[in-house]
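**Q** Okay, here's what each chain looks like letter by letter:
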Amino acid sequence: MNGLVILDRRRVLAGGGALIVSFSLSDAFAQDQSAAPAAPAPSSPGSLKGAPFLDSWIRIDADGSITVFTGKAELGQGFKTAFQQIAAEELDIPFESLKVVTADTRRTANEGYTSGSHSTQDSGTAIQNAAAQVRALLISEAARRLNLPVENFRTENGAVIAPDGQRFGYGDLVAADMLHVQAQPTSKLKDPATFKVMGRPVPRVDIPAKVTGGAAYVQDMRLPGMVHSRVVRPPSYGARLTECDTSAIEKMPGVVKVIRDGNFLAVVAKKEFQAIKAMAALSAAAKWKETPGLPKQDDLLGVLTGLPSQDSTIFERSNSSAIGQKTIEATYTRPYQAHGSIGPSCAVAQFTDGAMTVWTHTQGVYPDRQGIAEMLRMPPSSVRCIHVEGSGCYGHNGADDAAADAALIARALPGTPVRVQWMREQEHAWEPFGPAMVTKLKASLDGNGVIADWNFEVWSNTHSMRPGGAGAMLAAQHMAQPFTPPTPKPMPLPEGGGDRNAIPIYKFPNAHVVNHFIPDMPVRVSAMRSLGAYHNVFSIESFMDELATAAGADPVEFRLKHLDDPRGRDVIESAARGFGWQKGKKAPRDRGFGFAFARYKNLAAYCAIASEVEVNRETGRPRLVRAVAAVDSGQVVNPDGLINQIEGAIVQSMSWTLYEAVTFDDTRITSTDWQTYPILRFNAVPDSIEVHVINRPGQPFLGSGETGQGPAAASIANAIANATGKRLRDLPLTRKKIKDAIDA
Amino acid sequence: MITLKVNGHDHRVDADPDTPLLYVLRDDLALNAAKFGCGLGQCGACTVIVDGKAVLSCVTPLLLLEGKQVTTLEGLGTIEAPAPIQRAFMEEQAAQCGYCIAGMMMRAQALLQQNPKPTDEQIRSELEPHLCRCGTHMRILRAVHRAAHLMQTADASTVQRSAR
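Residue numbers (my numbering), protein chains in the order written: chain P, 1 to 744; chain E, 1 to 164.
Next comes chain P alone, as it looks inside the complex:
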C-alpha cells in the first residue's frame, strides 16, 4: 500500500468539499497506479465493488457506538452473528459492542438477493475489508493528531493507543463524515493467528429472543392500529374470477374491507381470526373459471424432454488417446419440490402520505422495492422495503408475493398498517417450486477402470423467476391490469441455474456437457436451495458409484483417482476417515454405506458426506442412521454456525431425497398441506451427524449454505444401493420404490 492513498479525510476535504471526495480518491488511485503501471488495479473485495463507500458498511457515532450495515438478509443461516464477528475482529472492538443492521432500502447497500451462498463471500468480505480500512483511518487520524508515524500506533478494545499509552476512543477520533470515502482495493487484514473473535463458536445473537418468546419475526410485528388481511388465491394457475358477491362478507364481524382487483381478492379485518373467517366466506362466494394446463405428474421424464428447449454445450474436453471399453448409461429424474417453510409467508405494509413501507422476509429488498413500485405505479424512491426475519428461507418462496399482497392491500387503506399472512394451503399451492429436472449420463471405462469419456445432459426450467419487475409477483399477475411474468432466462455460468454443478469437477480426458434449457414453465418454479446442483450432484455422484461398481473399485478410492483438486481430496479423505470408511468393508445386515462429494458451483465450499442407511426389507422403509461430513469453506468465521448449516443441509436434503414431490392433477396443485406433502419427522432423524470442519486461515470465505444438498442426496442414494443391491434414479427414493426394487 502506497502512502499516497492513505485516506486522510482532512486533506481530501481541503480539496473542495464532500462531493469531490470520490474524484479526489480516483485521482489518488490513478497516481498510485501510474507509479506501478505493470500491476493491474485489483477490483474492490466482495460487495465493496457495488457500494464502495466505507460508511455504507460501518458507522461510528461520536459516543463510540458502532453499527455495521449489510444489504443481505438473515434467513436463519446465522450470518448476522458471523458478520458481527468479522467486524469486531477487524475493528478490534469487543463483539458485544456493535450492532448489525440488515437489508433495508433506506439504510443499507444494494446487495441484490441473499442467495447462492454469497452472503459471507460478498457481504462478509466487504465488511471485513471496510472494517480493516476504517481501523486504518482511525489510526492515521490519531497519528495525525500527535504528529507521529502511524506505525507507532496500535488498536485495542475500541481505541487507538499511542506510543505513550494515550488512548483515543474511536468515537473521539471519528469526524462528521470521515468514513464517507471510497474503499481501497486492498486492505491490511489481521493475521488469522491473532484472531480473537473470528473462528470461534460465538453463540448466535438471535437465539435468545427466539427461545423466550421475543418478537423475532415479521409474523410477530404489531404496529399501532394494525389490521389483519387474508388473500383468497385462485384455485389454480390462470383461473379467472367470474363472480363474487361480497356484500355478505362486508357485514361480517370485524371486516374492514373486501378488496377485489381483477383476479386479486383479499379481505381485511380488525382481528386475525376474523380475517380468516371472512377469507373462508369470501373463498366460498368466489366463482372461478379454471383451465387445465398442468403436465402429467407421473411422466416428468417425458414431459421435460418433450418440451422445446434451447440447447447448448457448456463444456467440452477431448483427448483421443483415452479409449473407453465398457460403457454404461443412466437417467435420473427429480420432481417439483417445495420450500415448505414452517411459517407461511407474511408481510406488513403501510401506505402513508404517498409513501409505501413494506416489512418483508424477502431475500432482496431492492428487487422487491422495484417490483412493488412498478406494480403500484409509484417511483421506487417512494417505496421502502425493510427486511424482517421470517420462518426459514431456502430460496424464492412466497415472501415476495406476500410483500406485494400487503402493499396492494395497504394502498387501499391509507395510513393503516396491514399484516398479511398466507394460509398453509396457499403456501403449499402457490409458492414457486424447485423445478423438476432430468439428467442423462453416459460414460466409459478404459481397461484400467478409469473413466475415459463422460457425457452429461440436463433438462430444466430456469431456477430464478425472482422479482425485479412486478410481473414476478402473484398480486401483480392477478390484478385487473396485470403484469406478465418476465421471460425466463438461463442463469449464466460459472454459477449456472439448471446447469449448476453440471460440469464435472473430476478430470475426465473426454467430457461433453449439454444444457437443455426449457423456457415453458407449466408449473410455477424458481430458486430453491442449491438450484440445479441438488439434482446434478445427485446424478453425477450416483453415477460415479455406478461406474465404481462397474470398475470393481471402492467408491472413495475411485473418486480420489479422478480428482486433482487438493482441497477436494482433503474433504473426501476427512469424511472417509471420520466415518471409518475402509475399502471392501461391508455394512451390517440390511444396511449400506454411501459416499458423495461436490464443490458447490465448482467455486464455493467443498463438502463430502459418508452415510450409513438402514433399509427395512419388508416395508422398503429407509432410514439414515448416521452421516459424517467434511467441509472446507475457506477461512471459518463461526465453526458452530457452519456445522449447523451442514447438519441442516444433510437433514433437509434427506427429506427431499426420501419423501418429497409436489403433486398435481391436470388443473390444480394437490399437495396442499403436510399430509399431502409429507416431509421428514422425528422418527426418521439419524442417530448421529458429525461434521468435520477444515479451516483455511486467511483464505477467502467460500459460501457454504447450500454445499451439502447435493452430496447428502447422492450419499444416501448410494447407501441405499449398497444396502439393497438396487440402484434408484427417480427422486424421491420412497419406501414404495425401494420395496418394488427389492421385490423386482
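Be aware that a few hints might be false.
Output of the computed footprint for chain E on chain P, the stretches with three or more beta carbons under 8 Å from beta carbons of chain E [said to hold, decoys possible]:
1. 97-109
2. 264-278
3. 418-430
4. 502-508
The hints are simulated quantities; they were obtained by calculation from the structure and are not laboratory data.
Cβ coordinates follow ideal geometry from the N, Cα and C atoms, glycine included.
With the hints as your guide, set chain E onto chain P.
**A** Same frame as chain P, now just chain E:
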C-alpha cells in the same frame, strides 16, 4: 367475554368462543411464542401447555379453555432469567430460523414435567407431531436431553445464573 388464565394471570378476552387459542394468544394477548404454522394441527409450531399437557393451540377453541391453566414459552422464563429448557436450547444453539422451536420446547417441557428422565427414544416419539424444515433435529434432541439434566440440577443452575 371469556376469562382465560395464561402464564398465571387472568385475562378477560373478547373473542368468539370458536376462536382458536392461538389467535387469542397472539392477537389479544400479544404473545409471540406460539406460531401459526398450518392451522391444521399438522406441524406443532403453535404448541402450548394446558393443565400440564402439550396442546396444539391452532385447533383448540377458546370455549374449551375456561378455567384451565395455559402456559406459553413466555411463561417459563425470560432472556434475563431463562428456564432450564430455554437455557438448554441456547447452550446447544438449537435453532436455525427458530420458527418451530417454541412449539418443540413446550412439548419437551410438558414431557419433562411428566418424565424427568426420558430416553432418547421417548423424546423422539414425543416430538413426532413437530416439523422442523431447517433440519435442526439433532440439536433439538441434544437440547431436550440437556434440559432434562438442567432441570435435575435446577437449584445449582439458579445459583450459577445469578452469579453470572
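**Q** If a hint holds in the structure, say so; if it does not, say that too.
**A** Hint by hint, here is what the structure shows:
With 0 residues carrying a beta carbon less than 8 Å from a beta carbon of chain E, the stretch 97-109 of chain P misses the three-residue requirement, and the given coverage is violated. Note: the stretch 264-278 of chain P has 4 residues with beta-carbon separation from chain E under 8 Å; the three-residue rule is met and the coverage holds. Check on the stretch 418-430 of chain P: 3 of its residues sit with their Cβ under 8 Å from a Cβ of chain E, so the three-residue criterion for coverage holds. Using a Cβ-Cβ cut-off of 8 Å, 0 residues of the stretch 502-508 of chain P lie near chain E, which falls short of the minimum of three, so the contact claim is violated.
Of the numbered hints stated above, those contradicted by the structure are hints 1 and 4, listed in ascending order.
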